[in-house]
Structures are given as C-alpha cells and as structure tokens.
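Assemble the dimeric complex from its two separately framed chains, guided by the hints.
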Amino acid sequence: MPEATGTLRLVRDRGVLRVGVNDQLPGFGFIRPDGTFGGFDIDFGHALAAAIFGDATRIEFVAVSTSARFSALSAGEIDVLIRNTTWTLSRDASLNLTFGVPTFYDGQGIMVRAADGIESIEDLDGAVVCALTGTTTQMNQDDRFAGTGVRYQALVFDRNETLQEAFIAERCDAWTSDKSQLAARRAAFPQRVGGPESLVILPETLSKEPLAPVVRDDDPAWADLVNWVILGMIAADELGVTSENLDAMVEAPPSQEVARLLGVPVQGTVFDARTGVSVEHMRDVIRQVGNYGEVYERHVTPLGIPREGTLNALWLDGGLMYAPPFR
Amino acid sequence: MTALAPPDVYEGMVAWQRARHWAHVRLFDSRGNTVLTLVILAILGVLAFTLVRWFVAVADWEVVRANRRLLLVGRFPQGEEWRIWPMVLALPALTALGWGAWGQVGRRSIAAMAIFGVLILPLLTSGTGWWYVIVAAALAFVAYRLARWSWAYPQAHRWVRRCAVGGWFLALPASLILLLIGGGMETTLWGGLYLNVIVSFAAAMGAIPLGILLALGRTSSYRALRLACTMYIELMRGLPLVVILALAWLALRSFLPDLWGLDSVDLVYRVMIAFTMFTGAFVAEALRAGMAAVPAGQREAAAALGLKGRQALIFIVLPITVRNSAPALAGEMIGLFMSSTLVSVVGLTDMLQAARATTEQPDFFGRQTEVLLFVGITFWATAFGLSRLSERVEYALSGTRRNR
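Chains as they are written, first to last, in this note's numbering: chain Y, 1 to 327; chain E, 1001 to 1404.
Bound conformation, chain E alone (with noise of 0.2 Å):
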C-alpha cells in the first residue's frame, strides 16, 4: 500500500486565486482573526510610513557624503588612493570566484545585492569613483561565470579552488606591501573601513595557525605543554579586549625590555598582534571543541590502515576537526571583524571612530542617527557577506552535496 500524497487544495488555481484562499485561510479565517491581521496591518502600517518618512524627509546624508573617504579610508593622504584601489577590485573577485567555485549565488542574495548597491553606492561614489564599481562589479561577474563555468571540467574546478584560497592568503600580504613600497604610507594615516578590514583581516590570518598550534598543545600529552597552553588560553579569555590593546599600546614598553626594538614596532602592528592573541585563544578552544567531537572510531580506523600517529593527526583529525568547527570559527571570524572597532582606544581612527569625529563637525552636528546607521549598515552587509561565505565553504567542507 503506498502512502497518499495530501490533496492539493491549490489544484487547478491561478496566482491571485491561490493568494486570495491563503489569505482567507491564514488571516481572515474568523472573526477575532480578522481585527488581529487588521490591528497587526495597521501598527506595520504606521511603523513603515515612520521609518519612510525618516529616511526620505528627515535623514540628511550629506553627512555621510561629504565625508565618505574619511569613513572608508580615515586619513590616508590625497594622491595615494592606487594604494588600495587593487584591494577595492579584487576582493569583490576573490569574494564572487568563492561563491561560485562553492557554491551558487540564489536570485534573492543577487536581489539584495542590487536594492543595496543602488542605495548606499550613490552616497559613496561620484565621478571616477563610479569607473572603478563598474570595473569592480565585472570583475566580480566575470570571476563568478568562470567559477561556475568550471564545474563541469573537474581539473579546472580544483584549480578554481585553489585560486580562491590562494588568492585570500596572498590577499593580504599584497595589501600590506602596496600600502608600504614606494616610500610607504605612516601607518598612522591607516585608518576608516579599510583599517578595519586590515586589521581584522590579518588578525585572522594569524589567529587560525596560532589557534591550531594552542589547541593541540592544549590536547597535547606532554604536561608541561599542556599547561603552558591552557594557561595562555585561560588569561587571554580572561582578559578584555580592551585591556589587551591598552597594554598593546602603553603598558608594555614600561615594564618589558626592549627585546629586537619592539618597542618602536609601530602601532598598528601591535594592535594586530594583539588581535591575533586574542583571537587565537577563542580559535583554539572552537577549534579543541571540534576535535573532541571527532569519534574515536576513526583514530582507530587510521590506526588500523598504519597512519602513524602525526600522519592520522593531518590527514584524518585536523581536516574533521575544522568541518565540525567552522560554524563556530566563522562566528570567531565575524566576531573579530566588529571589536575591530575597539582600535579607537588607542587614539586609530577606524570607520566608528571616524563616524564619531564626523559628528563633531559644526557642519553637522546633530547628524549622528543618519552616520551610524550607515556604518552599522556597512559592518551589517560586510558580516552578512562573510556569514554567506563562510556558509558556502561549511556545505563544501560537510561533504554533503548541496549544490545552490
């Protein structure tokens, strides 16, 4: 006997049909549940009508116009825009090549994109400005199509791959020396979006190997080993961010010795070591999560094909101990992009730091609603972005196919 699919009460409708019978069935299906949709309709009614009116009459953006390299850029000197203009186009690429080579971009995220490109590009760029979106938008596209194009040719598609990560390693070390060659920026003028992004960015890049290292000395059999770890672990999760960037920036000089003139190491770098101590404690414990989740059957299962015990700790270990972690280590990831913001305390200037200085212009006092609101909708779409991202490569890593 097989199993009788539901009857299809939306047989034989069309559209409005189908929408009208919704409708009468989830809304107005009684009395009492008419007034609640009516009640609940009007309250949106009125919320929407606000938040329109807000952002069309009252909002004035010119805030956020006139100062939109000092939010995206902070101080960097005029002229020296070639300096991040590449970052600017590649990272949308390496971002889009990821996607595809991952996964697929669904019509909604593409939707999303545009309704948000076409409301914050106009307050963001004006004349050449605009060349530089386009070009970036096609190389994006044209990364994407290639992406996905190679999915049907094996060899290419692990090569596609591979460039994806690749690029991501390289991404950052390129965006370091255009910053310093040729006479090279005072990395006190880093500052908006950008530091931001290059801070966390190489926070992470430092973080990830940092936090492998601690979780498996943290795992480890040698006592003192272990120790040493859970020690560093426990007082860099014990300890505030902020506290560890103030010492970052005065404290340790007074009372550690100039080892190898690190005391003159400039500010920035400082600040991303110590993001990338604070952040590699929280990697090692996500990551000592995933590997106590590895079931033991599959040490013995290594064990009995011969691995010795390095070689089942590589190939077998670590590769499901980041499948299992990488919803918390993307989370980590994210984490770190938004204390990002914490760089203020020692006096750099980053997007937040810049939208709180933008607020003290005489020209624009009172502006501070419209100038947060956009660098949290900025931080929002960049975190939202990464989450997507992170997703793709979670299925990718789960070995399930899903292909969307």
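Chain Y extracted, bound-state conformation (with noise of 0.2 Å):
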C-alpha cells in the first residue's frame, strides 16, 4: 500500500470507512430486514471501501438526518457523506465542504392520479400539493410556478409515509418530490388504492437536484479519491468493463485505456497515478460492487426509472455520465 497522509490515513489506521447515509430512502439508502444497508448510494460508499481497503465490507455506515448531516460531516464523525445531497451554490461555498462528482441527476416532478385528467403544470390551479418539508420553497422559487401564474395551496408533512395517507385519502390532488422517489413511490402504491397504474409523473421537471458525495475541504486530496472512484465506475461503465467480464478484462485489455483503469501493466510499466490507493483498486471496486450502470441496474431501475434517455446514461447515449480520461 502506498503512503498516505489526512484522512486517507485516519480511515486506513481506523481500519474502516465511515460513510453518513440516508437510511429511509427507497432505492437509494435503505435498511433491509436482515439489519444491514442497501441502495444506490450505500454502493457508492461500498465502492469506496474497496477501493481503500480492497474489501468492500470494511465499511460503518452512519444514518445521519437531513439536518445533522453537515455537521456530522464537519465534526469528522464521517468521513464522507453519500446521502442523496444536492450540490447547491450556497452549501458549497459556506460550509467549509466540497462535493464530488454527481452519482445522479435527479430532479423535483409532480405525481398526480391519472384520472384527474392533469396533463402539465398549467392544469396544476387551484390545487392542493403536497409536499415534503424544506421542498416547497423550491417550488416557489420555481420559475415555472411563478411564469404560468398558477396558484396551488401547499400542504406539508414530514415523512412520505403520512403523505401517502393523505394523497389516498384524496386531500392532495398532487404530490410533488425528487423524480426518483415518486418513480418509487408509484412503483409499489397499493393496489387496493388503484396501484401504479392509477397514477401519473408529469413530464416537466421543476429543479435541478445534482446529487453529489460530500468531503470536508481541508483535504483535497481525499476529494480526489473519492471522485476518481466513483469516475472509474463511470469509466468502467463506458468501457464495457463489469465485474462478469472483469477477469477477461485484465488478462487481455481490449486498450491502454482498460489496462490504465485496471492497473495491468502496459509494455511492462503499470500506470500509477498517485491517488494513495493501490494501482489495482478499480479491479476491486467493480469486482466487489460493479461499474456504474451495473448499480444503477440493481437499484434505481427496480424503482421503475430506467436509465435510457435520462441524464443518468452514459454521454456516449446523450446522458451526463462522463469520464475524464485515464492517464
């Protein structure tokens, strides 16, 4: 293992890397019944372990709320946060973090019941929305609301569980959140209310929600790590490398630039590029976890969001997934 310094050491004499997550959002951060993580991002964290420490179990994971994740972060309880965090303007220049490169693109839509005849936001006055606490300001700030001039009564709650009640019960007529939780959401709605059937994602998209790992920003060279980790999974992904065809990929590199992500040695020299990790480290990251479209399929697309013609594809398909590349 190569030398390492700040919080690369700190987690390496640790022995595990702590990671703050979301523990109560579908697809992206969950707990199973068995006790143990599972999600979008919970791979990205495990992803990292591997990466560090060749063993994608030596991972804590911390379920930090919304409120206390900053801070949790700050105080050094985690060493980095994945929980489905937004890169704003205004978090990352005043709270002394840095964000990495965005595992998703999500963004703000409205779920209405098909057969309210709601087709866009313009069919949207006068009714009731329903939205999570911290996410209406959003609205209002939108562009879209305040151009079109439709008038909408909020109403807030606190957890989607009690919003579910009360969109079943008829006292939303919309229920606006992140695509991705809506996509969730109508996936498993009850059927004895109508199932997902009865309910309908409306095209637009009211904000940008780029979501983003969190490192402190007093070590730049952890922020590196984390990004090329979750890039080398991008890279992985644009490559056709998965952790099926892993072994083959690194008998016989297809190019330089596989060779290069997989540390196998290109006329006799192995490319290291002095990220603290082992030179081999992305064989275990997507041995262990997979490359990027391997998590997107075994987490998001069972929500009933798949991955074909968002911005979660790869660039090379129109989406925003890209690479820099390897040398």
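Simulated from the structure, these hints should not be mistaken for laboratory data.
As the structure is a prediction and not an experimental result, all values here were calculated from the model.
C-beta atoms are modelled at their ideal positions from N, C-alpha and C, and glycine is treated no differently.
Treat the hints with care, since some could be wrong.
[As the list claims (entries may be wrong)] Computed, partial: chain Y to chain E, Cβ under 7 Å:
1. Asp23
2. Pro26
3. Val62
4. Ser71
5. Ala75
6. Ala188
Next comes the structure, spelled out in structure tokens:
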C-alpha cells in the first residue's frame, strides 16, 4: 500500500470507512430486514471501501438526518457523506465542504392521479399540492410556477408515509418530490387503492437536483480519491468493463485505457496516478460492487426508472455521465 | 350499640341473578337511562367492530414479522446473537424474582401477560426462537416460585432479595461485557429495542448515584458546593434532551480540548453519559423533594440517639428520602426509557428509528400504522412491567404490609 496522509491515513489507521447515509430513502439508502444497508448511495460507499482496503465490507454506515448531515461531516464523525445531497452553490461555498462528482441527476417532479386528467403544470391551478418539509420553498422560487401564474395550495408533511396516506385520502391533488422518489412510491402504490397505473408523473422537471458525495474541503487528496473512484465506475461502464467480464479484461485488456483503469501493465509499466491507493483498486471496486451501470440496474431500475433517455445515461447515449480520461 | 351492616341485597342470589339485578339497577332503571345505555352500547359496539376488523382484515403484520430482527436488535450482525440471548433469558427471571420477593403476581397480571404473549410472540419468534421463549418463561417461573417459597424462611428471603437487587446491578456490566468480549461488537451496530434497553439501563445506573450526590450537594451547608450543584441541575433541566444529545455527538469535540482521548469515545457511550447527566439532574430534584419531606423529628431523634451527622444521613435520612421519592424516581426511570427513542437524532438505530426505516422499504410502503403500533405496544408493555415492579418496591419500602 502506498503512503497516505490526511483523511485517507485516518481511515486506514481506523481500519474502516465511515460513511454518512440515508436509512429511509427507497432505492438509494435503506435498511433491509436483516439489518444491512442497501441502495444506490450505499454501493458507492462500498466502492470506496473496496478501493481503499480491497474489501467492500470494511465500512460503517451512519444514518444521518437531513439536518445533521453536514455537521456530522464537519465534526469528523463521518469521512464522506453519500446521502442524496443536492450540490448547490450556497452549500458548497458556505459550509467548508466540497462536493464531488454527481452520482445521480435527479429533479423535482409532480405526481397526480391519472383519473384527474391533469397533463401539465398549467392544469394544476387551484390544486392542493402535497410536499415534504423543505421542498416547497423550491417550488415557490421556481420560475415555472411563478411564470405560469398557477396558484396552488401547499400542504406540507414531514414524512412520505403520512403524505401517502393523505394522497390516498384525496386530501392532495398532486404530490411533489424528487422524481426518483415519486417513481419509487408509484411502483409500490398499493393495489387496493388503484396500484401504479392510477398515478401519472408529469413530464416537467421543476428543479435540478444533482446528487453528489460530500467531503470536508481541507483535504483535496481525499476529495480526488472519492471522485476518481466514482469516475472509475463511470469509465468502466463506458469501456464495457463489468464484474462479469473483469477477469477476462485483466487477462487481455482490449485497450490501453482499460489497462490503465485496471492497473494492468502496458509495455512493462503500470500506470500509477498516485491517488494513495493500490494501482489495482478499480479491480476490487468492479469485482465487489460493479460499474456505474450495474449499480444503477441493481437499485434504480427496480424503482421503475429506466436509464435510457435520462440524464443518468452515458454521454455516448445522450446523458451526462462522463469520465475524464484515465491517463 | 353496634353499627348495623347495610343489608345485603344480593343475599340468596345466584350469579346470573346478581348480574341481572346489577344491570337493572345501574343501567336500565328508567326509560332515559335505558336509552342512554343502548346508545352507548351501540357506539362501543361500532368502535370495537371497526377496531377488530382493522386488526383482522386490514392490518398486514408481515412488516413486523419480516423486520422483527431489525426492530429488536437493529443492525446486529448475523451469528452474533449469543451476545444477547443470555440477557434475554436473565431479565425476565430477574423481574420475576423481584416480583416474588416483594409481593405476589395477581391472577389478572398473569392473564394479561398470557394474552400479551399469545398476541405478540408469534410475530416475533419462529424456529429455535421458541425454545428460548420457553426456557425464558420456565426460568422466570422457577425464579418466581423460589422467591415465593422463601417468604416462609426469613433468612432465605433476605438472600433472595439481595440476589434480586444484586442481579439488577450485575446485569448491565454483564450485558456490556457480553457485547464486547471475543473481538467485540462495533458499538455502531448496537440497535433496536436492545439499544433502548441498554442505554436507559446504563443511564439509570449512573443517574441515581449522580442524583444522590447532587441532591446532597444542593442541600449542603457549603455555599460553593450548593451553588455549583444548583447551577448544574438548573442547566440540565433547562436544556432539551435533544440539544444535549446533539452536543454530545458533534459539538463537544469542536470546543473542548481532547482530554484523555475523550473525543474518540464511541458514540453510544457518549450518549449514555449524556442521558446520565440529564436524568441525574431530575433524579436529584426528586430526591431533594423527598429529603425535604423527612420530618424534622427524625433528624432530632437521630441526634438524640447520638448519631453523628453522616451516620444520621446514611441510616435515617437517606432511607426515608428514598422511600418518599420512590414513586417520582420510578416515573423518572420510565420517562428515561421513553426518551431513549431520541437516540435516533444522533444517528443510532433504536427501535423507533428501525420502525421508521422499515416503512421506507419498498415492500412495506404504507404499513406505518402496524409497525408504529407494534413499537407503541412494546414500549407500553415494558413501561407497564417497570411501573408494576416499582409499585411492589414502593410498598415494600413504605413499611406497610401489603402482600398481594
């Protein structure tokens, strides 16, 4: 193992990576009945542990609330925050924290009952819109709402569960949240009250929600490592390296870029970017966790959000997932 | 002249005749009352029907069954259950020993426990779990019989009481040792109901001695000591528990120097200390009230007997204080157990937090009523058991003979 400093050294000495996560976000961070964490965000934590220790299980998840997440990171209770956190200017600038590469591009959407015949935001005039605490301000500031002159009445809840009850009881005409969450709720909407087909998610996206990992901004080397593990997973997706074909790729890399990504010697020399971890770290990441596409398929596709045509597709397919070159 | 007993209206009646008479006199004695009775019966009937229908037809308890492990022990790793089972077996036995040593369990309590067991256990247990339940019940029964038997032999009875008290004092260190020996458990993996129990247990063990010291300090004749204790108590009582927990979690390390490596103390221990400090202040006030209620004559009598200040305190004042404060202290302890659900604000997965997490599993969306109800029932049952136990101890301490 190469010498390490700062956060990386702290993590190595401790022997376990501490990641702040959500424990109540379907598909992204939740606790399974057996007590283990699962989800899209969780897998990026595992990937980081695999890169650092060669073992994705040397990780401790700390369930942090929306309000405590940044303080927990600043205080050093966690090494990295991967908890559906939107990258915004004010957070980045004022908190002594730094945001990494977005792992997921989300956006606020609106879900309505199919029977109501609402097709776009313009039809929502006079409607009761239910939202979780903290998301309405975004709605108020949103140009789309202000510009159309649509008046609505907001009804605010602190938990999705209670919001869903209110929606079923028809106390709300529309339900607003991040689109990924609306899709998850829709896919699991109880059959006794109509099932998924009774709901429609409007095509409009009200806000940009790039969800990114967060680290303290006093350790750029650590931020680089976090970023390049994620970028490595995106690059592996682009280059077609999966957990299935990894051994074959290591045996005979189809291109120099694949060889550099996986730490396979090219003409006798191994590419070493000196990120502080083993040159073969991406092999552990891909073997134990998978590439970006595999993680997406595992957690987000089952929520009912196909990847094609969204911002989360590879740049080659018209999305925003793009890794700078590995050289 | 002797007072005459009121005539027994039920004399010579069999049970159903008594019931009919009672109903006639109490419920149907006039036309107005008959209407009132029928209306109330109808309302109660509809309520009962709705409730039963919800329980039987609407509620889907699978969310509790599937997540029982998460609710009880949180994220405790598979294969490490042996660290918990001894306590699961020991605590009911200790409770039963205490019940038997200080009183008697009435038929109604037994019936309530049986109904509760029949309703709850099938949700929580399967396979080998049933054996543990059977062994735990058998141990509790043996402990109870032993304690009851000992009433006939004063020497043995004293020993049984000592064992019951000592057992509770040993239970906490024993459970902590079990969690930590042999490679140990990461404290971040402690969770579920077990976390609530162990945090409140530890805080109770710490808060009572702390409270005694604070109460003595606040009533002391040394002005500086009195002032310091008063300030501490008022500070702790004035801060919301959530704030104290948040301070213990994140803030202390940012403005306190890292003395003796305190910053790297595991979060669970910091939380236990926070609960101890908070509850200690309330315990101190409960004790101070009890101390104020000690009749002056008791101190004077102690002095007249030649007891020195400290002796009078230990042998006369403190016992009466504890007796006076016992109901308030029991209330504090039950409150402490309820407040232990606040540990979720510092990122620990206690039973309530686990319950909230389960309703965000896609399989169980919309099942929060069932799981919250389950958590509520569990907490209620635990608190009820505690309050019954403390009632026994109160009677025993109060010196009145009441053996029920």
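Structure-based check of all given hints:
A distance limit of 7 Å between C-beta atoms decides the matter here; for Asp23/Y the minimum to chain E is near 5 Å, and the interface restraint holds. At its closest, the beta carbon of Pro26/Y sits 5 Å from a beta carbon of chain E; the interface hint therefore holds under the 7 Å criterion. Taking 7 Å as the C-beta contact cut-off toward chain E, the hint placing Val62/Y at the interface holds, the least distance being around 5 Å. Below 7 Å, beta-carbon pairs count as interface contacts, and Ser71/Y has one with chain E at about 5 Å; its hint therefore holds.
Proximity of Ala75/Y to chain E holds as hinted, the smallest CB-CB distance being about 4 Å (cut-off 7 Å). Among the interface hints, the one on Ala188/Y holds; its C-beta lies about 4 Å from the nearest C-beta in chain E, closer than the 7 Å criterion.
Comparing the model with each numbered hint stated earlier shows that all of them hold.
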